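S.K.: Line order of the protein sequences matches chains A and B.
The working numbering applies: residue 1 is where the first sequence begins, and numbers increase by one.
The working numbering applies: residue 1001 is where the second sequence begins, and numbers increase by one.
Derived by calculation from the structure, the hints in this document are not laboratory data.
None of these values were measured; they are calculated from a predicted model.
Misleading hints may appear alongside valid ones.
[What the hints assert, rightly or not] Here are some chain B residues pointing at chain A (derived, C-beta under 7 Å):
1) 1064
2) 1105
3) 1107
4) 1109
Here a beta-carbon is modelled for each residue, glycine too, at the ideal position from N, C-alpha and C.
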Amino acid sequence: DSGVTQTPKHLITATGQRVTLRCSPRSGDLSVYWYQQSLDQGLQFLIQYYNGEERAKGNILERFSAQQFPDLHSELNLSSLELGDSALYFCASSVRRAETYEQYFGPGTRLTVT
Amino acid sequence: AQKITQTQPGMFVQEKEAVTLDCTYDTSDQSYGLFWYKQPSSGEMIFLIYQGSYDEQNATEGRYSLNFQKARKSANLVISASQLGDSAMYFCAMRDMTTDSWGKFQFGAGTQVVVTP
Chain A
1 DSGVTQTPKH
11 LITATGQRVT
21 LRCSPRSGDL
31 SVYWYQQSLD
41 QGLQFLIQYY
51 NGEERAKGNI
61 LERFSAQQFP
71 DLHSELNLSS
81 LELGDSALYF
91 CASSVRRAET
101 YEQYFGPGTR
111 LTVT
Chain B
1001 AQKITQTQPG
1011 MFVQEKEAVT
1021 LDCTYDTSDQ
1031 SYGLFWYKQP
1041 SSGEMIFLIY
1051 QGSYDEQNAT
1061 EGRYSLNFQK
1071 ARKSANLVIS
1081 ASQLGDSAMY
1091 FCAMRDMTTD
1101 SWGKFQFGAG
1111 TQVVVTP
């Protein structure tokens, strides 16, 4: 158990809908990262927050947005869903320790868009 | 731009044997970190080992060691004494350590390892 929690574990929704994925980082970790893992695209970095502020942006679509709240939990909002958005969405957290910055991943949310 | 290449889509290895998973990277950054993660069939991503670009010694964590060859831009993972539980997908990843973009991780396509009895 990495200490990172993600809810829900599974989500099935229809095209055009909007969903919110939630992540709670490990205790003490200030950084939260979101990733999308699909068969054709592999593991893609979406966005990173550090102590409530956006720090880095990857291949995140404009239909997707995220935020990190004062209690450090984060939410990833996916809107106008398309079939191609079906994927496993991971949240990871890390703490700035020495120079490693290793990430600890949550169990993921499997999103199926029908 | 950074790029991570894992050329081995899949490998079979016999129990108790060692296996080397290849990873090459491309970056113009001077300061970066290299990581290996394991993803079993259950789906979770497990951090295995880290190597900093300025580290002179190869990183080791138990049965995992990272063969870091900076001039060749390679960061191969060696798993010694393979166990059945090592069967999983293995990902190589890199992040640069410059202040303005230290959040960006990039992952390779992964190598599926199957350990046979």
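S.K.: What are the numbers of the hints that this structure violates, sorted from low to high?
M.R.: Violated: hint 1 alone.
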